[in-house]
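J.: Each chain is listed here by its residues.
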Amino acid sequence: MISALAVEIPYWGQSIFRVVGGLVAVLLPAGGIVYLFLFKMMSFMQSRLGPMEAGPYGSMQLLAEVGKWMQKEDIAPDNADKPIFKIAPLVVLLSTFLLIVVVPFGPDAVFADFDTGVFYFLAVGSISVLGILIAGWASANKYSLLGGLRAAGQLIAYELPMVLATLGVVIQAESMNLNRIIEVQNTGAIFGFGGLGNPFILTQFVGFLIFMIAVQAELTQAPFDMPIAESELVSGYMTEYTGFRFLIFFIAEFATAGVFAFIASVLFLGGWGVPFDWFGWSNIDDVDWWMNIVGPVIMATKMFALVGIIMWVRFSYPRFREDQLQTFAWKFLIPVSLANIAVTAILKVAI
Amino acid sequence: MIDLSRSSWVVAPLSDTETTDADAPQALPGDGLREGIVDDLRQRIGDALIDSHIVPNDDLFVRVATDSWADTAGALKTAGFTWFSFLSAIDWMPSPYGKGEEDPTVEKEPIDMTIKQGVCGGETRMQVFARLTDLDRHVGITIKADVPDDKPVVDSWTGSFAGANWHERECHEMFGIGFNGHPDLRNMYLPGEFEGHPMKKDFPLLARMVKPWPGIVDVEPMPVQDEEEAGGDES
Amino acid sequence: MMSDRQQLSYIASQAADARLNVELETEGMTLNIGPQHPATHGTLRIIARLDGEQVIWAEPSAGYMHRGYEKLTEVRTFPQVTTLINRIDWLGSFANEVPFILAAEKLMEIEAPPRAQVIRTILFELSRIANVSLFLGDLGVQMGAITPVFLAFRDREYVLNLIEGATGGRFHPNFDRIGGLKDDLPKGWIDETKQVMKKLIGFCDEIEDLLFGNEIFQSRMRGIGVIPADIAKEYGLSGANLRASGVDYDLRRDQDIALSYDKADFKVWTHPDGDSWARCWIRLQETRESCKIVQQLIEQIPAGPVMTKVPRIIKVPEGEAYVSTENPLGEMGYYVVSKGDLGPFRVKIRSASFNNISITPWVLKGVYVPDIITILASLYFILGDIDR
Amino acid sequence: MGLVDKGRMPAPLTKLFNMSRSYSLWVYQWGLACCAIEMGAAFGSPRYDVMRLGVIPLPASPRQADFVCVSGTVTDKMAPAVKRLWEQMPEPKYAISMGSCANCGGPYWDSYSVTKGVDQIIPIDVYVPGCPPRPEALLEGVVLLQQRIKNEDMQAKWKGDEFTTLQATRAAERGELSAGEPTGQTTHDISTDPQPIPERDRPQPIVVGGGPIE
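Protein chains in written order, with our numbering: chain A, 1 to 351; chain B, 1 to 235; chain C, 1 to 388; chain D, 1 to 214.
Hints listed in this document are in silico derivations from the structure and should not be mistaken for laboratory results. For every residue, glycine included, the Cβ atom is placed at its ideal position computed from N, Cα and C. Any given hint might turn out to be false.
[Unchecked claim] Listed next, the in silico DSBU-like pairs over lysine-lysine satisfying Cα-Cα at most 30 Å (straight line):
| id | chain 1 | residue 1 | chain 2 | residue 2 |
| --- | --- | --- | --- | --- |
| 1 | B | K116 | B | K200 |
| 2 | D | K83 | A | K82 |
| 3 | A | K142 | D | K83 |
| 4 | B | K201 | C | K339 |
| 5 | D | K116 | B | K201 |
| 6 | C | K339 | B | K116 |
| 7 | C | K339 | B | K200 |
| 8 | D | K83 | A | K86 |
| 9 | C | K339 | B | K108 |
| 10 | C | K199 | A | K40 |
| 11 | B | K108 | D | K116 |
| 12 | C | K315 | B | K108 |
| 13 | C | K315 | B | K200 |
| 14 | B | K116 | C | K315 |
[Stated by the list, open to error] Residues on chain A that point at chain D, a partial pick, calculated with CB under 10 Å:
| id | residue |
| --- | --- |
| 15 | P51 |
| 16 | M70 |
| 17 | I75 |
| 18 | S235 |
| 19 | T239 |
| 20 | G243 |
| 21 | F246 |
Full structure from sequences and hints, please.
T.: Below, the structure is given as structure tokens:
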């Protein structure tokens, strides 16, 4: 990646560049999502203004939030399991950073270009379940325990449809490498017309829907927010957390939303690329170097669009009951995603 | 596309008939109805029915003997009064503390402590009373019974009306009346360590003892004490 | 009569008790919801014994909002009592005063002039709309949907403006006097009411397709917390809870009372199922019905005085009277015993939510934890009404 | 353990921390009685929206709350629950007592089961009179609380002393310095003691629509 920018950066410069890049790629979208969607979009949906005092149009609200959460007293309940109680939020945030490693932002702008990128992010995605379960168990509070167990059941139940939905994409792109998937989408053509590329959202629409529903469940958001059901279990596994630990949970929740939106845009909307025909490229190697800079901007717009949908559903839907949620996943989503794979495979072989 | 009404994960789909149209409201109960009810009750519980008072076309009060308090409930339930309204008690002794609104400077005249029962009379200081309604004939009945002063215990209504459970718990903690046959006679409202029964007339309201009610000015006689007939001009 | 799930939970509770002392099994967990909990409207505490996610036995513990109304009414004069009692059901608070005033008027054998009766009925229905519209919005929050409550508050403000315009208080008006009303309606109030009623009917349609049309909402409400008619009668349920179990009983139509409901024709909605869905659905239809009642009555306000001849210091003659009306929460009645002096001798307040909630130990047996919140939301209680 | 309880904070940093604390107040829904509906109208309705002031009514557990608005009648049975929930809140916490029931028992002043005023249980920063107070009155209470937080002396707050503003402590120190050598004298001369803050300057709890506003 660095060599493409036609300037030689020593190795320690590269690692600093990667660390800063990683932080920006995770925290900036999280901050943007919290401000844009949680404060502003929710308020406008509810016909009110949202924070306006801190800075023009409440733009400094995030600074105020972080500043305040730093000053809060850090309470750990006495019969809680102290070390594990303190580690739990970091584990949840850890899985977000691990996910961003494999997301490509440009032909060379990717932290680690694995050949089995899809396999990697599906495996790493389930680390946050551990964090939530630890948080639920360690905070020695009945509500947290109930919330943690519900989260474990739900996240496992919804990882399966996500895996099967991505399987459809992998079959169609014949590769697990994310850059290759983007290349296939942008060079493909629909009935000969190459101007729009072949984003998998068109051919894999059922897979896209199942993936988005599974993402909604992975983030424990509204229709599936049984683990943090305010009206029943006070605030689920986050009940006992205060101060900057709660801030880490809060940021992790929205950062994961951003990262999953990145991945969804890579898999279904053609990631950082625009249809290659517009610039006369034929494959990934002859994409110009400036795409490494424009790529992240395109990815950001697609990500904000997808997160907009996720948050829109979050703020307007009531929540499932626990058993309905499980039956919806096992008895409905998984069979449909299996059918989707079968159809893709048959079409793959036939055409 | 998603067939949500399937019974597998939506609990069994129940009937979707919107409404049953209300038939014409029955004729409002006339006078004969309440006499009929009292006679019917007299047949069911015999001379336990001590006194009855009918407000024509309006209301019906009945007083029964204490020991047949529980089977009056059963009798009325079979007679059609299926809807349980409430159950509570009245302490007929006038409050020895007055209203706490008297002008402290003026010498207080003694309060007559004679116990005078209400509509259907009665001998004892405490009376337990309940109300049932017949939803089809749109008529309500209030049943009273004396509570013996020495041992304030009556039978419980939970046998025929499960709804009386909470009402009797509240009556127990407020008036100190025991209900034998009641499943668990704990305190309903007051915290466990609250001693005394607040609704008894001899339970003082301490705040009023310590600090008389600030609005005493209301009690003074008006500058021109108008007689009854000239009363309404300035209201 | 008990549904199969309730039998199952009964067997489960026996098993759970047996298991408590057997070390191998996981013993049941006692969950304490409240007294301060986002779902309970205020301070109701529910003690529930769970076996996993299923409730074996649940019992609400009331008393956290007990302010001792009946004792306080004994040391106050009649006008002071009306100020106090409109804080019992603090959402539709004008509706609390009306039965007490009617009971006092019945004892004094006087009747409010026709104009006062019509205005009283209109304000009664307005406070019902203000009460139940917040219920419809709050229903969403209990289920997890955040947005409907804002719509409810937004449209409820219009109704509060009307009540404040007429009475001066947003929702503790204290506008009733024995023998009539404090004073007359302000100018322009009538056509403003007409516009607001159109807006409120629009609000009902909006909530109907936002919430009631939502599949998740239906799947969480249908078939949950079924209460058969005879159990409802035995516990003394009233209002929409009773009508949801198929009992066609509405005090506004079935009782001869000094309010002018006979001037408006309205439909009494019932539903045969008796589950949480039926209760909420009936309240939605009743809100629309109330808007129509107000629209009809607003045309027929007769001219004339608003207050009859009443002596300056009111002494209610000796006697006892019980008057109850169809309050937003159910049937609310006052049993007033008067000994002919300034204040009442004893006032028994029959509040609707006390009976409505006394059925929860029966109905919560064998349900899941999230269903506790659904059933309590559909029974719709106000803490001041339970604890008095 | 917060960052600021040990050493002295330079003024601009305190200003920044105060500013951030006042603009991001997370409030815990603590509705008790009728004032809860007016609080709901203030916190959760589009007309008197409080989120535009930076007060976010999101948290469902006391652990994440900054300030709490006790709205409604506190009965004797509820008092221990109020106390426990107040202690569960992390440290820089504030309280608004809304409605005359919470301020002093209100219309139930003579009831046998009502606590006469919630300030017997928890320290209150702002009193909002009214029964129920209009949502605008509550918003004014929130704004006054924000003003109070903006010029608050963090150190005194962390040490748990009585609330003092930044200016008051600075004035006390100057008073101390100008009153000559430190007071560790053997013969304790009253005149060299730090002059107590004059009564007028001592910040009173704010009462909406009355009382001093610093």
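J.: Does K116/B sit within 30 Å of K339/C, going by the straight-line distance between their CA atoms?
T.: holds (9 Å)
J.: Between K83/D and K82/A, does the CA-CA distance stay at or below 30 Å?
T.: holds (25 Å)
J.: Within a Cα-Cα threshold of 30 Å, do K315/C and K108/B meet the stated pairing?
T.: holds (20 Å)
J.: So, I75/A near chain D? Judge it on the closest CB pair being under 10 Å.
T.: holds (6 Å)
J.: Check the hint pairing K339/C with K108/B against an upper bound of 30 Å on the C-alpha distance.
T.: Satisfied, since the Cα-Cα distance of roughly 20 Å is no more than 30 Å.
J.: Would the pair K315/C and K200/B pass a check requiring their Cα atoms to be no farther apart than 30 Å?
T.: With a Cα-Cα distance of about 24 Å, the restraint between K315/C and K200/B holds, given a limit of 30 Å.
J.: Just to be careful, I want the Cα atoms of K116/D and K201/B compared with a cutoff of 30 Å; is the pair within it?
T.: holds (23 Å)
J.: Within 30 Å, alpha carbon to alpha carbon, are K142/A and K83/D?
T.: holds (20 Å)
J.: Using 10 Å as the Cβ threshold, decide whether S235/A counts as touching chain D.
T.: holds (4 Å)
J.: How about T239/A: closest beta carbon in chain D under 10 Å, or not?
T.: holds (5 Å)
J.: Would you check the hint for K83/D and K86/A, treating anything up to 30 Å between C-alpha atoms as holding?
T.: holds (26 Å)
J.: Does K108/B pair with K116/D here, judged by a C-alpha cut-off of 30 Å?
T.: At roughly 29 Å apart (the allowed maximum being 30 Å), K116/D and K108/B satisfy the hint.
Going through the hint list in order, the structure satisfies each hint without exception.
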